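2 protein chains.
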Amino acid sequence: MAKQPKLTDAQHARIARALAEPRRYEILRQLGAENGTLSCTAVRAEQKITPATMSHHIHELESAGLIEISRDGKFMNITLQREILQAYLNRLSKI
Amino acid sequence: MAKQPKLTDAQHARIARALAEPRRYEILRQLGAENGTLSCTAVRAEQKITPATMSHHIHELESAGLIEISRDGKFMNITLQREILQAYLNRLSKI
DNA sequence: GTGTCACTTCGATATCCATCTAACTGATCA
DNA sequence: TGATCAGTTAGATGGATATCGAAGTGACAC
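These protein sequence lines map, in sequence, to chains A and B.
Sequential numbering from 3 applies to the first sequence in my numbering.
Sequential numbering from 3 applies to the second sequence in my numbering.
These aren't lab readings, by the way, just hints derived from the structure by calculation.
Honestly, I wouldn't trust all of these hints.
Identical chains share a label here; the pair holds if one copy fits it or two copies do between them.
Said to hold, decoys possible - As a list, the in silico DSSO-like pairs of lysine-lysine whose alpha-carbon atoms are at most 27 Å apart: (1) K50 <-> K96; (2) K50 <-> K76; (3) K8 <-> K96.
Model, not experiment: these values are computed from the prediction.
Please model the complete structure; the sequences and the hints are all you need to start from.
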């Protein structure tokens, strides 16, 4: 089993809020369906939202730790952080 | 393994939103720490909120399916629905 | 350089929702 | 019957946030 980061209460709350938005859940699902990584453009191709809104959601997901961003020239790649998601699930399952 | 109810997209979204509020997460934790059932009054004793706000949160949790409510005279008992929570976790873990 | 493309930042709008107070319903008990 | 207690309902308020258009930045191609 992979090592599980410990989540603070604040991180937990951030993740919960990030997951509460259907659009963000959908982005994570897209990532998961593609081995965890996609370009921002590829994600946007599946969702009818403006670049501004997309940028906003990406930031929410990143600040929750659920994705990581890397830049490649003018492109942006987004990678699902499965350990963070798993840490969240573990914590919730302990209720 | 216990039987897992299937969650619709709408149920999933409702649960995610219910869990996004720290106060509601806290209520679920209280329930979990007490074998899954508590009176509404007992829950309220731990949280500094008015009855009206409490009532609101209880309804959110109930409509998400995360708790069940039963009445006993003028009292209300709240029971954690672990299968629903587990079904949500299972679905999230499949991302 | 010029243009284009990918994303960002700003500011505005609009909706959602947590919270409260106040007034109410229903149950219990003196 | 009246008083009290548990929870509800209605309505108001304030704060958070999803969304967009428009203008900006930075990379790449020509």
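Now the hints, each set against the structure:
Taking the shortest alpha-carbon separations for K50 and K96, only the inter-copy value of 24 Å comes in at or below 27 Å, while the best intra-copy value is 37 Å. Proximity of K50 and K76 under a CA criterion of 27 Å is satisfied intra-copy only: 21 Å inside one chain copy versus 49 Å between copies. Taking CA atoms no more than 27 Å apart as the test, K8 paired with K96 passes in both settings, with 13 Å inside one copy and 21 Å between copies.
In the structure shown, no violation is registered for any of the earlier numbered hints.
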